[in-house]
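Number of protein chains: 2
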Amino acid sequence: MFEAAQLGRKVDRKTFAAREPELREALLDAQARLAEAGFSVVVVMAGAEGSGKGEAVNMLVNWLDARRVETHALGSPSEEERERAEYFRFWRLLPGKGRIGIFFGSWYTRPISQHSLGELSEAGMEDSLRRIAEFEQMLEAEGVLLVKLWLHITKKQQKKRFNQLERSPDTAWRVTRTDWRYHKTYEQFVNSASRALRRTDTGQSPWHIIEAWDARYCHLTVAETLLEAVERRLSTPVPPKEPALPPPVALPVNVLSELDLGLKLKRQEYRKAVKEHQLRIGRKARKLKDRRRSMVLVFEGTDAAGKGGAIRRLTQALDARYYKVVQIAAPSDEELARPYLWRFWRNLPRWGHIAIFDRSWYGRVLVERLEGYCSSRDWQRAYGEINAFEEQLVLSGTAVLKFWLTTSKDEQLRRFQDRETLGFKRYKITGEDWRNREKWDAYQAAACEMIERTSSELAPWTLVEAEDKYFARVKVLQTVEHWLNAGL
Amino acid sequence: MFEAAQLGRKVDRKTFAAREPELREALLDAQARLAEAGFSVVVVMAGAEGSGKGEAVNMLVNWLDARRVETHALGSPSEEERERAEYFRFWRLLPGKGRIGIFFGSWYTRPISQHSLGELSEAGMEDSLRRIAEFEQMLEAEGVLLVKLWLHITKKQQKKRFNQLERSPDTAWRVTRTDWRYHKTYEQFVNSASRALRRTDTGQSPWHIIEAWDARYCHLTVAETLLEAVERRLSTPVPPKEPALPPPVALPVNVLSELDLGLKLKRQEYRKAVKEHQLRIGRKARKLKDRRRSMVLVFEGTDAAGKGGAIRRLTQALDARYYKVVQIAAPSDEELARPYLWRFWRNLPRWGHIAIFDRSWYGRVLVERLEGYCSSRDWQRAYGEINAFEEQLVLSGTAVLKFWLTTSKDEQLRRFQDRETLGFKRYKITGEDWRNREKWDAYQAAACEMIERTSSELAPWTLVEAEDKYFARVKVLQTVEHWLNAGL
Chain A
0 MFEAAQLGRK VDRKTFAARE PELREALLDA QARLAEAGFS VVVVMAGAEG
50 SGKGEAVNML VNWLDARRVE THALGSPSEE ERERAEYFRF WRLLPGKGRI
100 GIFFGSWYTR PISQHSLGEL SEAGMEDSLR RIAEFEQMLE AEGVLLVKLW
150 LHITKKQQKK RFNQLERSPD TAWRVTRTDW RYHKTYEQFV NSASRALRRT
200 DTGQSPWHII EAWDARYCHL TVAETLLEAV ERRLSTPVPP KEPALPPPVA
250 LPVNVLSELD LGLKLKRQEY RKAVKEHQLR IGRKARKLKD RRRSMVLVFE
300 GTDAAGKGGA IRRLTQALDA RYYKVVQIAA PSDEELARPY LWRFWRNLPR
350 WGHIAIFDRS WYGRVLVERL EGYCSSRDWQ RAYGEINAFE EQLVLSGTAV
400 LKFWLTTSKD EQLRRFQDRE TLGFKRYKIT GEDWRNREKW DAYQAAACEM
450 IERTSSELAP WTLVEAEDKY FARVKVLQTV EHWLNAGL
Chain B
0 MFEAAQLGRK VDRKTFAARE PELREALLDA QARLAEAGFS VVVVMAGAEG
50 SGKGEAVNML VNWLDARRVE THALGSPSEE ERERAEYFRF WRLLPGKGRI
100 GIFFGSWYTR PISQHSLGEL SEAGMEDSLR RIAEFEQMLE AEGVLLVKLW
150 LHITKKQQKK RFNQLERSPD TAWRVTRTDW RYHKTYEQFV NSASRALRRT
200 DTGQSPWHII EAWDARYCHL TVAETLLEAV ERRLSTPVPP KEPALPPPVA
250 LPVNVLSELD LGLKLKRQEY RKAVKEHQLR IGRKARKLKD RRRSMVLVFE
300 GTDAAGKGGA IRRLTQALDA RYYKVVQIAA PSDEELARPY LWRFWRNLPR
350 WGHIAIFDRS WYGRVLVERL EGYCSSRDWQ RAYGEINAFE EQLVLSGTAV
400 LKFWLTTSKD EQLRRFQDRE TLGFKRYKIT GEDWRNREKW DAYQAAACEM
450 IERTSSELAP WTLVEAEDKY FARVKVLQTV EHWLNAGL
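Protein chains in written order, with numbering that gives the first Met the number 0: chain A, 0 to 487; chain B, 0 to 487.
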């Protein structure tokens, strides 16, 4: 993998001086055009210790307009980061459209270094690489331009560099004991790295392996690589939006049609059950923090199926300090400027906490799909992205429970009419509700497809027969309690 | 202070049951109207340990629409919070317009408890109370409705409550050793609290002291108090925008007119000075982290005075991992929904980091004042708010250095014309630049007033003669280096 980066390439002072001004000019120009384009740039700056990543980033940022660049040096995660899934720290730092984010210390750092030190098994490494591939694929699909740079030096050069640094009191602090430890395992590091690079080298986001011993050659190449990538992307015509697909049609017999909407509870049974479940849920939920666990609850369903009421019965059991209800409505402009899932990542709970999503990322394959708010390519890839997202949550200790509440079409009509007569502002029935109702069948079909494609053992859907509110609420409570019993 | 909350008020089960439904109804209704009003609600829930704050908040959130409420239980600060000024954690959690934020654990917690335990001096307490008053005044002026609730129990009741809790295995965990320690110093706690309450009890944001022994009385009163405050505010007509004041006129002789714009550096001197300063700044800046310090640099000045160039000479000296340049342009909608300074607080640096603001909070008393983007009341109060903000930064270990760069009006014209001929996109001269130029005198006058009112020993302005770019850049570097030498 790295042979081509051991050729001893150099740039002399004169050549560098001759090339620098126009390169800087071109970078600033590209950046100004980027500011008005609809995409962001993520630069991954990776490589062995001593390869001069820091110097390369400093040079790059000096040449760029620093006001539109964000540099993120990620060392060990903070406690706020440790209490969430691994990629939380990367997600929270994704740049908005028109901006450049430079990551050194990235999603590659942990897997490569741990694997090279024997702290990550083969299977663990494979998992990590698959996760990286999924993440980068998502970024690309969201329009992010990904520029991956690997600065390469040989083992000999690394030793020489460390020695040089140690000789000057000004730089000696930069060489740590860990660095020498890495030096001893240089071969393993290169092996782990080359595997990671090979596995994540794609047509759209190739790795650029840059010979780093000669700083002038390295810096010029880094800048030119970034420039070329940005310019190529700027001159790529935006593909036309593909035509919308016809609305989905559900099979006559499907998971939703087979639900027994006749299921009911008597008021007295209901009251008793709610009380008992709430008591036990409250007790159990307190243990989340000690067990380093958190919960994400997703509520989706047909309009007026009673999501709000079910959520309320659940929150009654919980301590307000440890849960939040996140209502998903129109995204803010900061959210719109970033990949779709950003707005959900930023609302993930810490250990001991519960986030309850009233509508969720599933909007992508429901309302956004059916109303044409996103392209068909977008909602089609969403299934995979959502599965990867939820998998990561679950593996990091967050339980993901998803509820689909449904009534019959007739019951919905009754509830709409009730709400209209009630006339409370908070139950406002809007034109949109009526329009959605007209597409009942398409929504059912989309929901069936969604349930089928995103129900896993890790993050299962619970279908809730919600014709009877009592029954629905108790089923939700039961399910949560069951997970708390089994999962903790 | 608390005598009126020791009268043994009670509500029996029947009265409570009779009052509850309409109260909940009214709360939901008020909340729905709030969602469309242009203000947010901040509830401070305070009181002695064992007074049932948690229960009261749980009840309140259950009665409200939890999707529009955010509950924040603030325990000890996280490391990300500890590395910034004390109020960072409160600022970052301020709710957006239309929403309710409930704080338990608030800006009162630390001062009252530390003072009662003798860990905070009288002077420290006074400082804390003054800071609270400033913060709350700012919130009010920004349109936030502040509802401050204090749940009161007597020492005897506290003991009884702790004993009750300890008897049941379900609640015993809630009584900690610290609680009993607080119980022993109950009198001191009440003294410190009553002083804090007295000092922060204002007409606009009075304290509501609520007798808390009887849970039903307490919960009803909490809900009623909140409801009443929100309803009163909803029915208060929005005051008409006061007429804009005439543009300011500068004194013929002022701090800016007296600057010697003839100051110059030769190219060779400049190059040498830049190199030397950069070297020393780079070395020193590395020490920030160890000393638990951070820096905030503010760049303001006339258009085309060379802020960008000066910033670039500075960042060249720094490691890209530890600085960020924050360009202040139009606020995002999330920023618009919160008090003015929120967008600056969220960009404050951690220990070891430097935030460079290219334009800043001073926009309020410059462009916003002169273009009428805010009311005259808003920019008039901004001086005090800014001073309080910067004072807090400095006292928490953040150096605040502010630069005003200025050229003559003629030089500005030359630079505008140069930029127009250059025609690079990034130097676009817009109509706005020309319009601002027409108001040159008013901007000068506003700047003079700003400098006079916000230059303190803690956070001084450095006036930079920028007719000659070389001179200006070196003066900026000199000033930064000087602070690094003296301040670290």
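Heads up, some of the hints might be wrong.
Derived pair list, reagent style DSBU-like, types lysine-lysine, alpha-carbon separation capped at 30 angstroms [as the list claims (entries may be wrong)]: (1) B:LYS183 - B:LYS154; (2) A:LYS263 - A:LYS468; (3) B:LYS159 - A:LYS288; (4) A:LYS158 - B:LYS13; (5) A:LYS283 - B:LYS158; (6) B:LYS283 - A:LYS158; (7) B:LYS159 - A:LYS274; (8) B:LYS158 - A:LYS159; (9) B:LYS427 - B:LYS408; (10) B:LYS154 - A:LYS265; (11) A:LYS96 - B:LYS408; (12) A:LYS13 - B:LYS183; (13) B:LYS240 - A:LYS271; (14) A:LYS159 - B:LYS274; (15) B:LYS288 - A:LYS159; (16) B:LYS96 - B:LYS240; (17) B:LYS408 - A:LYS286; (18) A:LYS240 - A:LYS427; (19) A:LYS9 - B:LYS427; (20) A:LYS468 - A:LYS265; (21) A:LYS159 - B:LYS283; (22) B:LYS408 - B:LYS438; (23) B:LYS154 - B:LYS13; (24) A:LYS158 - B:LYS286; (25) A:LYS286 - B:LYS158.
Quick caveat, the hints were computed from the structure, so don't treat them as lab data.
Here's how the hints hold up against the structure:
no. : hint                : in the structure
1   : B:LYS183 - B:LYS154 : holds (9 angstroms)
2   : A:LYS263 - A:LYS468 : holds (8 angstroms)
3   : B:LYS159 - A:LYS288 : holds (28 angstroms)
4   : A:LYS158 - B:LYS13  : violated (82 angstroms)
5   : A:LYS283 - B:LYS158 : holds (27 angstroms)
6   : B:LYS283 - A:LYS158 : holds (27 angstroms)
7   : B:LYS159 - A:LYS274 : holds (27 angstroms)
8   : B:LYS158 - A:LYS159 : violated (69 angstroms)
9   : B:LYS427 - B:LYS408 : holds (19 angstroms)
10  : B:LYS154 - A:LYS265 : violated (46 angstroms)
11  : A:LYS96 - B:LYS408  : violated (36 angstroms)
12  : A:LYS13 - B:LYS183  : violated (77 angstroms)
13  : B:LYS240 - A:LYS271 : violated (56 angstroms)
14  : A:LYS159 - B:LYS274 : holds (27 angstroms)
15  : B:LYS288 - A:LYS159 : holds (28 angstroms)
16  : B:LYS96 - B:LYS240  : holds (19 angstroms)
17  : B:LYS408 - A:LYS286 : violated (67 angstroms)
18  : A:LYS240 - A:LYS427 : violated (34 angstroms)
19  : A:LYS9 - B:LYS427   : violated (37 angstroms)
20  : A:LYS468 - A:LYS265 : holds (10 angstroms)
21  : A:LYS159 - B:LYS283 : holds (26 angstroms)
22  : B:LYS408 - B:LYS438 : holds (11 angstroms)
23  : B:LYS154 - B:LYS13  : holds (29 angstroms)
24  : A:LYS158 - B:LYS286 : holds (26 angstroms)
25  : A:LYS286 - B:LYS158 : holds (26 angstroms)
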